[in-house]
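**Student:** Sequence:
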Amino acid sequence: MKQLPFVERICIYPVKSLDGIWLQEAQIGPGGCLLHDREYAIFDEKDKYVNGKKNPLVHQLRLNMDFEAKTIYFRHQAQTNWHSFHLQHDKDAIDIYLSSFFNKQVILKQNTEGGFLDKPVKSGMTLLSTASLQTVAGWFDNLPLEETRQRFRATLELGNVPAFWEDRLFTTEGTAIEFTIGNVKVLGMGPRARCVVPTRNPQTGKDIHAFQKTFAYCREQNLPEGSALNNYGHTYYLSVDCMIPSSEIGKWIAKGDELKLTGNKIKVG
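Counting in the numbering used here, the sequence shown runs without a single skipped number right up to 1517 at its last residue.
If you are wondering where the hints come from, they were derived from the structure by calculation, not from laboratory data. Note that CB positions come from ideal geometry on N, CA and C, so glycine has one too. Just to be clear, a hint being listed does not mean it is correct.
Claimed, not checked - Distance windows between CB atoms, simulated:
# : residue 1 : residue 2 : range
1 : Q1469     : L1305     : 33 to 39 Å
2 : H1331     : Q1469     : 20 to 26 Å
3 : E1421     : Q1336     : 38 to 44 Å
Sequences are here, hints too, so could you generate the full structure?
**Tutor:** The structure is reproduced here in structure tokens:
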């Protein structure tokens, strides 16, 4: 049995705000993020993101991806038939389909260097533990674990640790905690503040009453010893923002890789 924290799940989100894809391993791509994570995003005529925060139709759009074939698949969740498009050859057809789906003019844009991440400079990856998700699910009448995953949309999930163990991977602002995952060096930058998205069912968009208030209260009651979360002003946080140095580009993170703290604290701007 593994004695150290290890990578239990890897998930990337090829199109920002849409469904995730589970992987056995992921390469560190340009921009210090997992390759293909948030590589695409949907934009409206005002060049603003089309996302679940502002457009409820996002919750009804299902996605799949074949990276080798460079093919993307969309369907309305009420339908069974997928619409397939080649990412290079069918760009106009993709925009036509998405514009019809959202009932307004939109386009799918690509950025291969992490430019569509929420924090492209300071966070190429987010990390939490399976135990944290299980605990949070229990705060809300035992939400299904998979639904809870979809609400928080982390890229790496750790096994073999208790709930909120990942709090030890960050400290006060301006200082990063260094650790390794396999042979990849990672910097824990800080906790991820949460928005309205986790309050909503990822399939229907229906929200849970007083979700943020309940979450913040329960999170505070369950802070692990030594957590620096109280330094951040509130407790509506889950997962750790991680920066991957440029020296690690091209390396791989795989399921089963162990996480080890190096003991180093790094000053960051």
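**Student:** Could you run down the list of hints and mark each one as holding or not?
**Tutor:** We went through each hint and held it up to the structure:
Q1469 and L1305 have their C-beta atoms about 36 Å apart, which keeps the hinted 33 to 39 Å range intact. Remark: the range hint 20 to 26 Å for H1331 to Q1469 is contradicted by a beta-carbon distance near 46 Å. For E1421 paired with Q1336, a C-beta distance near 41 Å keeps the hint of 38 to 44 Å intact.
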